[in-house]
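Asker: Protein chains in written order, with our numbering: chain V, 1 to 149; chain S, 150 to 498.
Check each hint, because a few of them may be wrong.
Said to hold, decoys possible - Derived BS3-like pairs: lysine-lysine, alpha-carbon spacing no greater than 25 Å straight-line:
(1) V:Lys69 x V:Lys105
(2) V:Lys53 x S:Lys194
(3) V:Lys63 x S:Lys274
(4) V:Lys106 x V:Lys86
(5) S:Lys458 x S:Lys436
(6) V:Lys63 x S:Lys393
(7) S:Lys274 x V:Lys144
(8) V:Lys105 x S:Lys393
(9) V:Lys51 x S:Lys196
(10) S:Lys436 x S:Lys472
(11) S:Lys436 x V:Lys53
Unchecked claim - Have a look at the derived ranges for each label pair, beta carbon to beta carbon:
(12) V:Ala116 x S:Ser278: 43 to 53 Å
(13) S:Lys406 x V:Ala38: 32 to 42 Å
(14) S:Glu197 x V:Lys26: 39 to 49 Å
(15) V:Thr61 x S:Ser278: 51 to 61 Å
(16) S:Thr387 x V:Asp97: 36 to 46 Å
(17) V:Thr61 x S:Leu215: 17 to 27 Å
(18) V:Glu58 x S:Ala360: 48 to 58 Å
(19) S:Val221 x V:Ala109: 53 to 63 Å
(20) S:Thr201 x V:Asp97: 41 to 51 Å
(21) S:Lys247 x V:Ala109: 42 to 52 Å
(22) V:Leu73 x S:Asn198: 33 to 43 Å
(23) V:Lys26 x S:Lys436: 45 to 55 Å
(24) S:Ser464 x V:Glu58: 42 to 52 Å
To be verified - Residues from chain S that face chain V, not an exhaustive set, calculated with beta carbons under 8 Å:
(25) Tyr206
(26) Val207
(27) Ile261
(28) Leu300
(29) Leu304
It should be emphasised that the hints constitute simulated quantities derived from the structure, not laboratory data.
Just so we're clear, the structure is a prediction, and the values are computed from it rather than from any experiment.
Built from N, CA and C at the ideal position, the CB exists for glycine as well.
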Amino acid sequence: MSEEVLKKWDSLFQELKTFVEVDLPKMEESVKKAVERAKILESKVAEVERKLKTFIEENETFKRSVEEKLSSLENIVNKRLEELEKKVGEERKAELDLSFVEELKKEIAELKNSVAQLSVDVSQIKSSVGEKFWVAREKKAERKSPRIL
Amino acid sequence: MSEVEEKKEVEKAESNVVPIGMKVGSQRTVIAKGDEVIVVETCIKEKENPITGEKDYVIGNEAAELYGDEAVYMLRGGLPGNEEEAELLKIFLTNVAKQYEIPENTYVTYGIPSTEAEEGVNLFKKVISQVPIGWAGKEVWNDSFLAALALPEGLGMLDRTFVVVNLGSSTTDVVAVRKGEIVFSMVTGEVSGDLVDRWIKNEIMNLTRGAVNVDISTAREYKEKYANLKEWKSVKETVQLFEKGQFSFRLDEAVNKPVERYLDALVDFITLEFLPSLAEFNFKAYKVILESEFILTGGMAEIPGLKEKFETKLSEALGFGVKVRSPENPLTASARGALLISQLRVRRE
Ligand SMILES: Nc1ncnc2c1ncn2[C@@H]1O[C@H](COP(=O)(O)OP(=O)(O)OP(=O)(O)O)[C@@H](O)[C@H]1O
Ligand SMILES: [Mg+2]
């Protein structure tokens with residue numbers, strides 16, 4: 001009987017021992033890891049903010065360069081058209097089929113529109129990301145004196 | 150000490166110290182000096198001097214007017230978050246002091262939001278030590294608390310029991326005060342003036358099927374001009390867009406719908422988050438606070454009818470009549486409260 005009890009105690013002791021020697025360090029390790037993860041997360045948040053900023057800046061530059069290119073393209077088309085019209089002369093202008101030029105102009109206008117839309121989308125992404133980020137930062141404070149410094 | 154310096158020291162002691170109250174907010178910085186109240190946008194725009202090639206700054210209202218969304222508002226929740234923002238704040242405050250002729254020989258009481266972020270407070274402390282005002286002394290208080298001092302009771306509010314609900318641009322601060330001590334406070338970004346601006350922008354997009362996309366500063370202007378929960382007047386806005394034609398929409402709708410959504414979120418925050426947290430934290434204080442008055446302040450409290458609607462909705466949600474008061478000019482209340490403290494200090498010295 002007492003031997004049974006002893007055995008039980010032995011096995012319990014073994015369990016406890018493995019807990020202390022194996023599980024506890026493991027737990028400590030995972031706590032440490034969790035803390036590190038939290039730190040990494042924090043720095044990631046900062047990184048996301050930074051990236052968002054660069055992304056927006058890059059988008060602006062990109063948008064501007066596309067707009068510039070489109071404008072100069074438009075200018076070139078208009079100029080060529082003028083030259084062409086001059087060469088051909090007023091009387092024979094009607095004979096020319098200029099529908100493709102109209103098409104081209106339309107396409108340029110559409111492209112311009114979609115560039116504008118792109119920047120709208122980006123600004124919305126920006127505001128929604130900003131919103132989520134800030135909302136997550138709710139603070140609670142308990143302080144005694146209304147005087148801070 | 151050289152003779153000149155000595156003379157300066159004597160002059161300093163002899164001349165009269167000017168008491169100043171200053172609230173530094175994410176969107177607006179307010180300065181109270183005597184009867185004068187100055188409201189400045191807390192923003193800055195860096196540019197290059199075309200002649201010297203050096204960095205130059207345009208600050209405050211001028212920056213907001215000239216650059217719109219390009220001007221940088223360096224604070225969030227009323228405090229700088231890092232060294233870079235602190236540097237911008239320093240340049241901003243130094244320029245404000247110069248531009249609005251705030252003398253060096255002043256006693257300055259600053260108002261900033263309640264926060265647990267010690268880093269922000271430390272950065273703020275460093276900044277104000279570098280700004281050339283407040284030679285006679287400076288102190289920093291919780292700005293929501295200071296707003297209560299702008300009520301007719303003035304410094305008499307120092308040992309009262311009340312709740313301040315401070316409706317700012319980037320955050321809403323709710324502060325429970327018992328006999329002049331802050332027992333509990335919560336801050337949230339989920340209810341804020343900035344969010345309303347974004348909702349207005351989106352609402353205008355919805356009303357015009359995506360055609361009209363105003364920038365945030367325009368949305369804010371619309372809000373400050375047309376938000377009104379007392380009487381809904383129909384206001385029509387027409388925008389002429391290149392290639393897309395003409396678009397009309399109801400400005401009052403675009404503005405007041407988001408404001409109502411904001412009000413509901415505010416009541417929810419107080420009844421579902423602030424009060425339960427307070428009850429959990431300190432039940433006795435919770436009981437006392439429930440019976441005391443709510444003080445509504447901050448720029449968003451300027452909206453006509455907001456206070457009355459808040460009172461009704463909060464009473465409804467809680468199931469009993471709640472008393473709500475607002476200082477006159479809630480946008481500038483904190484700075485005027487801060488001025489009272491500075492005046493008290495100067496008189497005593
Ligand atoms: N007359 C007005 N009508 C409507 N809204 C207003 C009015 N005046 C100011 N506001 C709004 O109030 C907010 C600014 O309030 P306040 O100056 O109290 O904020 P802040 O202290 O700068 O910001 P925070 O507390 O987030 O640091 C902005 O959203 C602004 O658009
Ligand atoms: Mg504020």
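Asker: Just pull the numbers of the violated hints for me, sorted ascending.
Answerer: Hints 3, 11, 14, 15, 18, 19, 20, 25, 26, 28, 29 contradicted; others consistent.
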